[in-house]
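Q: The chain contents come next:
Protein chains: 8
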Amino acid sequence: MDRRRLDALLAAVAAGEVAPAEAAERLAELPYADLGMARLDLHRELRGGQPETVFAEGKTADDLVAIGRRLWQAHGRLLVTRLDAAKAEVLVGEIPQARYHRRARLLTAGEQPEAHLGPVAVLAAGTSDLPVAEEAALCASWFGVRVERLFDVGVAGLHRLLGELATVRRARAVIVVAGMDGALPSVVAGLVATPVVAVPTSVGYGASFGGVAALLTMLNACAGGVSVVNIDNGFGAAVVTSRMLVAATPREENS
Amino acid sequence: MDRRRLDALLAAVAAGEVAPAEAAERLAELPYADLGMARLDLHRELRGGQPETVFAEGKTADDLVAIGRRLWQAHGRLLVTRLDAAKAEVLVGEIPQARYHRRARLLTAGEQPEAHLGPVAVLAAGTSDLPVAEEAALCASWFGVRVERLFDVGVAGLHRLLGELATVRRARAVIVVAGMDGALPSVVAGLVATPVVAVPTSVGYGASFGGVAALLTMLNACAGGVSVVNIDNGFGAAVVTSRMLVAATPREENS
Amino acid sequence: MDRRRLDALLAAVAAGEVAPAEAAERLAELPYADLGMARLDLHRELRGGQPETVFAEGKTADDLVAIGRRLWQAHGRLLVTRLDAAKAEVLVGEIPQARYHRRARLLTAGEQPEAHLGPVAVLAAGTSDLPVAEEAALCASWFGVRVERLFDVGVAGLHRLLGELATVRRARAVIVVAGMDGALPSVVAGLVATPVVAVPTSVGYGASFGGVAALLTMLNACAGGVSVVNIDNGFGAAVVTSRMLVAATPREENS
Amino acid sequence: MDRRRLDALLAAVAAGEVAPAEAAERLAELPYADLGMARLDLHRELRGGQPETVFAEGKTADDLVAIGRRLWQAHGRLLVTRLDAAKAEVLVGEIPQARYHRRARLLTAGEQPEAHLGPVAVLAAGTSDLPVAEEAALCASWFGVRVERLFDVGVAGLHRLLGELATVRRARAVIVVAGMDGALPSVVAGLVATPVVAVPTSVGYGASFGGVAALLTMLNACAGGVSVVNIDNGFGAAVVTSRMLVAATPREENS
Amino acid sequence: MDRRRLDALLAAVAAGEVAPAEAAERLAELPYADLGMARLDLHRELRGGQPETVFAEGKTADDLVAIGRRLWQAHGRLLVTRLDAAKAEVLVGEIPQARYHRRARLLTAGEQPEAHLGPVAVLAAGTSDLPVAEEAALCASWFGVRVERLFDVGVAGLHRLLGELATVRRARAVIVVAGMDGALPSVVAGLVATPVVAVPTSVGYGASFGGVAALLTMLNACAGGVSVVNIDNGFGAAVVTSRMLVAATPREENS
Amino acid sequence: MDRRRLDALLAAVAAGEVAPAEAAERLAELPYADLGMARLDLHRELRGGQPETVFAEGKTADDLVAIGRRLWQAHGRLLVTRLDAAKAEVLVGEIPQARYHRRARLLTAGEQPEAHLGPVAVLAAGTSDLPVAEEAALCASWFGVRVERLFDVGVAGLHRLLGELATVRRARAVIVVAGMDGALPSVVAGLVATPVVAVPTSVGYGASFGGVAALLTMLNACAGGVSVVNIDNGFGAAVVTSRMLVAATPREENS
Amino acid sequence: MDRRRLDALLAAVAAGEVAPAEAAERLAELPYADLGMARLDLHRELRGGQPETVFAEGKTADDLVAIGRRLWQAHGRLLVTRLDAAKAEVLVGEIPQARYHRRARLLTAGEQPEAHLGPVAVLAAGTSDLPVAEEAALCASWFGVRVERLFDVGVAGLHRLLGELATVRRARAVIVVAGMDGALPSVVAGLVATPVVAVPTSVGYGASFGGVAALLTMLNACAGGVSVVNIDNGFGAAVVTSRMLVAATPREENS
Amino acid sequence: MDRRRLDALLAAVAAGEVAPAEAAERLAELPYADLGMARLDLHRELRGGQPETVFAEGKTADDLVAIGRRLWQAHGRLLVTRLDAAKAEVLVGEIPQARYHRRARLLTAGEQPEAHLGPVAVLAAGTSDLPVAEEAALCASWFGVRVERLFDVGVAGLHRLLGELATVRRARAVIVVAGMDGALPSVVAGLVATPVVAVPTSVGYGASFGGVAALLTMLNACAGGVSVVNIDNGFGAAVVTSRMLVAATPREENS
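Protein chains in written order, with our numbering: chain A, 6 to 260; chain B, 6 to 260; chain C, 6 to 260; chain D, 6 to 260; chain E, 6 to 260; chain F, 6 to 260; chain G, 6 to 260; chain H, 6 to 260.
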């Protein structure tokens with residue numbers, strides 16, 4: 006809940022300007038827009054540092070248009086994740102400022118913020134992991150993070166990683182995206198002193214079980230400093246990382 | 006690998022003080038002590054920010070004494086995790102400066118550093134989650150982090166959490182420890198702007214599957230900003246969190 | 006078995022009106038219509054409170070027409086669940102009174118009963134959970150329950166739920182539909198004194214495992230009063246809830 | 006949260022008797038007793054219909070004594086579940102009014118309420134399921150429910166169930182406890198019109214996987230009206246059932 | 006291996022008619038036709054009671070034609086299982102005597118044997134289980150078994166089963182096909198003295214996990230006399246059952 | 006239900022000797038002895054061919070004595086499975102005619118019937134599988150089956166099996182007990198024409214998952230004629246097999 | 006890393022020809038070609054005995070063309086695995102020397118080396134396993150191994166395998182490809198003295214779980230000498246086997 | 006089967022020295038010693054290169070003594086794996102030449118062969134993996150392989166491995182033992198040209214699931230040349246590796 010609004014409301018109650026019963030009603034009512042099938046959390050930016058993002062899977066194109074338009078009006082910025090090309094076309098038709106990033110399956114609308122946080126290194130173990138790595142990199146940029154991309158640096162050819170070690174070490178946090186054996190985050194975390202956010206991908210076959218093998222590898226990383234997000238969740242890694250960086254800045258800026 | 010030693014060694018080769026063949030040998034040889042059954046990574050502090058920690062499970066008491074002594078000699082500090090009481094007694098007999106923390110199953114020896122990082126809030130959903138939460142809190146303190154403990158604040162009685170919200174929001178990162186349904190990190194992440202490191206515990210029975218239920222809940226957290234470590238891995242959460250905080254300080258201090 | 010028919014039959018045997026051997030035959034024979042590929046349980050309404058419902062998956066359109074017609078003739082009411090649009094078109098062509106509810110994948114024919122039970126609150130955590138939530142809400146209405154819909158009230162924005170708490174508390178039972186982390190039922194059950202019927206959905210990806218993550222969360226709810234039905238089983242939640250309400254009414258009405 | 010206290014507090018703010026800032030603090034502060042390792046939810050009775058119950062697993066005997074005493078003082082009633090005999094002895098030593106139920110692994114202290122709700126039938130499929138069935142039956146009684154026990158009525162000898170059908174049908178709800186194949190709830194739900202709360206047990210071996218087989222059977226019950234709680238969770242079934250019955254009584258009594 | 010041929014060959018060796026080295030070669034060589042991608046086991050009928058059956062999944066239409074023709078030539082009978090409609094059309098084009106059974110996804114060519122074994126009752130719990138039940142029934146008939154079909158007799162309406170009990174009891178073995186909760190075999194096995202061969206089907210959704218729930222139920226059947234075959238394996242149940250019946254006939258006929 | 010009693014009762018009703026209401030009561034009441042914690046199915050022999058067997062796990066010694074005595078009195082025969090040595094000692098103290106079979110963890114009391122059925126071959130893949138194989142062999146003998154034991158004939162040394170092929174082929178059914186890879190039933194079923202009842206055991210480690218690997222192998226047996234019972238369920242295999250043999254005998258004897 | 010280049014580089018540093026800082030940069034830089042979305046490991050042949058192979062799944066046709074061309078230029082040989090027909094057509098359009106092997110889903114370009122290693126026997130249990138067996142056989146040939154194909158020799162007709170035993174025993178290693186029960190490697194390993202590389206396939210249905218059943222069987226093989234690769238990974242088996250054979254040749258050839 | 010004996014026997018039949026029927030009997034009879042509960046495969050050395058090894062789990066001390074003595078008499082060598090200390094004491098009491106290796110849980114009796122094969126490098130990721138690594142190393146030595154042990158070289162401190170790279174590369178095969186994330190084999194296989202036999206261990210906790218995480222990592226190794234044995238199966242890795250080396254030697258020695 007938005008603390009400042011709460012304080013103001015209680016002050017108004019204290020001043021007799023608002024009746025207690027009415028205050029109780031308003032406490033719940035304010036911070037979202039009710040579209041029937043969705044309640045848009047218009048104050049999430051205040052609370053969590055970022056405007057609400059739209060997860061497109063399982064929503065109809067009509068739902069997405071209604072939600073996207075309302076958020077666009079409220080914030081002048083819009084981020085939609087896991088959006089297939091067909092629905093993207095509809096949305097771009099309705100919100101001309103929107104741009105679709107096909108490999109990452111993302112839609113963005115509005116100006117990209119200046120890259121005032123970071124840098125963060127985004128590593129991908131193989132070329133097949135690129136859609137997830139791009140999702141992470143684009144979202145992090147969208148949150149104001151400076152991103153260094155290092156793709157196809159998996160442990161099967163360790164020298165490819167070692168050759169980029171200086172770049173990896175310069176970063177304030179590392180996002181490591183890997184499918185199959187998911188071994189890269191363990192190796193990276195043993196080489197740097199920064200936090201490693203590991204993203205398992207569903208790349209692989211057979212006993213990779215759609216990313217479960219990589220997920221387990223990462224949860225059991227024998228090197229310290231690794232934490233894990235859901236399979237294929239590049240967006241989630243970007244949120245975690247940008248929160249880390251925001252939390253590290255002086256309090257005045259982000260309370 | 007330790008960059009400064011590498012640079013010095015290459016400079017010595019360039020100066021003709023060290024032969025190339027010898028340099029190749031020394032590149033591998035230096036940074037650990039070989040005890041036969043263990044190779045102690047005496048330079049991990051330089052590389053990863055913390056001296057090597059000992060994971061006690063699966064090691065004999067004899068192994069632990071040999072390893073513990075060597076690390077104690079090298080660093081004047083020692084941290085042993087997942088140590089049962091019987092082996093702890095042996096170790097304390099050999100290293101009198103050591104202290105055993107029974108609930109957290111930790112042994113520490115040496116001075117606790119000043120709390121120059123943080124603060125970090127450590128939340129536990131229930132009383133049964135305390136061993137893991139204490140492991141996280143003690144390890145974070147050991148790494149120089151100021152810790153605020155908030156225990157038994159699970160979602161079954163949401164007001165217990167809401168009553169501590171100010172403390173949670175003041176923290177620069179939040180460690181959330183929960184078993185059973187593992188729902189607490191989702192709720193916390195929706196209320197703060199800082200990163201949430203979620204630790205599932207094996208508390209529960211039946212379909213909790215030794216912590217798998219809580220682990221999955223956390224990986225699927227619908228609120229952004231949650232990353233996850235292994236089940237019961239309070240130590241891991243402390244490493245991740247302290248790395249976040251170190252990464253946030255000016256580069257000079259931790260490169 | 007239908008107790009009154011059983012009593013009547015035994016009385017007829019006692020009166021010599023029916024031979025024992027014939028009675029044994031008739032005991033089995035009466036209560037269903039045998040269509041070859043299906044035996045319609047025409048007496049389920051007497052036994053279980055509701056006419057037999059048709060589960061459409063795995064049945065051919067021809068099977069569905071034969072079954073649907075027979076039940077429509079017998080009861081003047083018909084409910085078909087998990088029906089895709091193509092088969093629905095065939096059925097509506099054969100039973101003109103039928104109406105297809107696309108989002109919920111339901112077909113109904115006949116008059117909706119008056120809402121003499123409830124109210125019941127149907128909560129959905131996210132917009133993507135709507136198909137299941139609508140299935141629950143429409144079926145409950147079909148069983149005579151007054152329904153309050155509260156959609157997109159997931160724990161990522163807790164204030165959306167807290168703002169509707171009065172409505173939730175007024176209900177005599179709460180159906181909570183959630184995918185991903187499935188955390189909402191735990192939170193709701195901690196806030197109300199009524200039974201919570203939790204419905205996990207297959208919404209999510211990666212480690213949600215098609216709804217397993219949400220299912221496990223709900224089975225391990227740390228708050229009391231939660232019971233769970235199968236993944237995506239909005240219909241099942243409606244049956245459970247309407248049985249609760251019927252059981253609570255005076256015995257004369259439903260024995 | 007306790008609505009009446011909230012209303013009173015807001016009224017006091019409106020009357021100028023309480024400052025807004027102080028109100029914000031008190032909103033969180035009141036409703037629990039902080040023991041350090043536990044926060045006792047002393048108002049849960051108001052919110053959820055029952056005083057807080059203690060789950061003993063994973064808590065030390067010392068923790069249990071501290072928690073048990075405080076709840077006993079606050080309510081004059083105490084219920085501890087999943088308590089082994091050794092810890093029970095300690096607790097009974099400290100709270101002489103307490104009584105230990107060995108088969109059900111429960112401890113109760115205080116007067117049993119009059120059986121003003123129900124009746125509820127508690128069915129167990131086999132003799133080995135008795136510990137869980139007794140937990141359900143004793144807890145339901147503790148919540149004021151009149152209980153009918155019908156044990157060893159599994160589907161391997163269907164006539165044992167059919168012989169008790171009248172009793173089962175008289176009940177307002179049925180708790181069905183079964184391990185191994187977990188088939189009993191499906192059969193019962195096809196024979197009655199009341200809600201069936203199914204409790205899988207860990208009775209079985211091999212491919213019963215500690216109760217998973219029975220759990221899955223129950224979640225997939227082909228008969229309507231079945232909802233499921235966690236494996237071996239007799240207590241949970243009792244809470245669900247008593248909430249159903251309370252919800253069915255006139256509002257004045259349980260708001 | 007075919008004992009009579011072995012005996013004949015060894016006798017020929019003893020008689021000097023066949024050289025030992027040649028005998029060793031022929032021992033391996035004879036009993037199959039090598040098509041390159043397949044080795045047709047032309048003697049399986051002698052060894053296992055039935056000619057080799059073709060499992061169509063994963064085979065190309067070309068492979069199926071080559072295999073089907075060769076078996077048809079050798080035996081004048083042919084049975085192909087799990088055959089989709091497109092490949093069936095190709096096969097029927099090549100082997101005009103063949104007939105495709107669409108619901109059961111079977112192709113047969115040649116004369117059906119007289120029903121000299123049985124009777125066997127084939128029960129299906131629901132209409133959606135029919136494809137598998139038909140596969141079992143048609144294959145059993147193909148093996149010379151007299152079959153009684155009893156479909157849609159699941160436990161949700163127990164009277165449908167009880168009404169057919171006489172038929173079920175007359176059978177010498179019972180095949181029970183069920184998806185979802187898979188509870189029917191447990192109930193049937195408690196009511197008859199004959200062996201029950203249980204076939205789980207993939208009918209269901211969510212926590213049925215493609216038939217795993219039903220499979221586990223059946224493996225854990227609390228009533229004796231149940232054995233289980235693979236999910237959707239109606240063919241397998243028919244083979245098991247026909248072997249039972251053959252084994253029960255006087256030795257002369259089937260040694 | 007016992008058909009002859011049912012016929013007699015209905016005849017009595019028809020004759021006016023029994024009132025219909027009383028008949029309804031007696032239909033359920035007769036066929037078991039209610040011990041409170043158990044309902045002994047004293048008529049199971051008529052229905053299922055064998056007296057009720059006692060599964061000892063999860064039952065207290067007191068329960069077992071009460072149940073064992075009652076069955077012993079009713080039938081003069083008693084079979085208890087999965088009984089540990091400590092409880093066995095108590096039971097033998099109470100029922101002096103009882104004999105404990107330690108390796109198989111079985112207790113029997115009463116005369117072994119003449120071996121009028123079979124023969125059945127019981128194969129064990131390895132020495133570690135003997136407890137389960139002995140359970141199967143002893144139970145089959147107890148049901149009147151002539152048993153041939155062939156132990157340690159696993160596929161790692163195929164000649165051990167081939168050397169016993171004549172014995173295996175003489176049997177009317179084969180029980181195959183195997184842990185680890187569970188490959189033996191596939192091989193056996195390819196060599197005989199009789200039904201193969203496969204029993205996976207929990208022998209193995211690591212990825213054997215307590216018998217799951219062997220269970221899956223058996224369910225997927227590529228040779229026809231294999232059906233499967235639960236892991237370690239030697240008793241179940243004996244029941245299935247004896248039912249097969251009984252079903253094969255002329256109807257008069259076992260209806 | 007390429008040892009000879011490392012030695013040369015260090016010698017150059019020692020000779021003052023290369024500055025240390027530059028050396029550090031070049032250590033990482035050399036051994037791959039950076040295409041942006043991929044880093045081609047052009048020195049893998051030196052390190053691992055084979056040029057880099059391209060895994061096509063998850064890569065776009067554009068990516069594959071760019072990667073394929075660059076490798077073709079560098080080595081004059083190219084191997085692409087798991088390539089569907091559509092993408093293969095694009096690649097063949099760009100690299101006219103390429104040839105697509107449809108059943109094995111492989112593309113090769115360049116001359117096949119002389120078969121200087123082996124022989125290796127490649128066994129397939131059934132015709133449906135051929136795609137994977139062909140992938141193994143073609144890749145092994147590509148690596149210079151002489152291959153003997155023995156297809157459709159599964160354990161359901163053991164004589165088919167026994168008839169080819171001489172060929173199997175002549176091989177220096179055996180690759181065994183099997184789906185369903187995966188029993189063939191256990192049997193083969195009991196009959197030969199050479200290593201057996203087992204490849205589970207996803208052939209099967211129901212409880213084969215996409216190859217998991219066969220995988221577990223193989224990991225639990227009761228005969229020694231079996232090691233396992235991923236499900237459907239014929240390519241991996243070929244690499245393992247060719248490495249075995251290379252390692253066995255005199256050191257000079259492959260250091 | 007022993008080919009030379011088979012040839013001799015067939016020759017004897019051809020010569021009229023042995024009757025065909027008798028030959029059929031002897032074909033099966035010869036190659037093992039039947040102890041009742043075990044059939045010792047005394048000819049396995051001829052067939053598989055090594056005498057039969059005893060797997061101790063699940064065997065009683067009495068069984069082990071009988072089996073151990075018989076093998077000791079037949080071969081003058083004995084290897085028992087997975088033997089706990091208590092049973093080892095009994096065996097050593099009966100076979101004084103035996104020696105127990107506590108960490109590896111192995112018993113050996115007889116002379117160790119000269120190390121004529123190899124060398125093989127045995128790597129262990131951590132100190133806790135030593136029991137399995139020692140089992141592999143001791144068994145390999147027992148089979149005549151020269152072994153290089155490199156322990157505690159996990160990827161968390163990559164320099165420990167890189168420092169031993171020369172030793173690893175000199176080996177003709179590498180056994181890599183690792184628990185937790187199991188990432189070491191992927192990294193090693195990318196650095197050498199020899200086959201890597203990976204052994205997952207059950208070291209770890211939580212989501213390591215008793216070694217499943219490491220097993221999956223290894224099956225999905227992104228570097229070629231890795232094959233995998235069962236969890237904790239150091240013995241199996243030694244058999245696979247020694248077979249590789251034997252297969253590589255000239256045919257005369259091991260046919």
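It should be emphasised that the hints constitute simulated quantities derived from the structure, not laboratory data. Virtual Cβ for every residue (Gly too), placed ideally from N, Cα, C. There's no promise every hint is true.
So the derived label-pair ranges between C-beta atoms look like this [stated by the list, open to error]:
1. R151/H / G21/B: 49 to 55 Å
2. A171/C / L170/E: 53 to 59 Å
3. E94/D / D67/F: 16 to 22 Å
A short list of chain B residues far from chain G (calculated; beta carbon distances all over 12 Å) [to be verified]:
4. R75
5. R151
6. R174
So these bits of chain G aren't anywhere near chain H, every CB distance computed over 10 Å [to be verified]:
7. L14
8. A17
9. R75
10. G98
11. R107
Q: So which hints don't hold here, by number, going up?
A: 1
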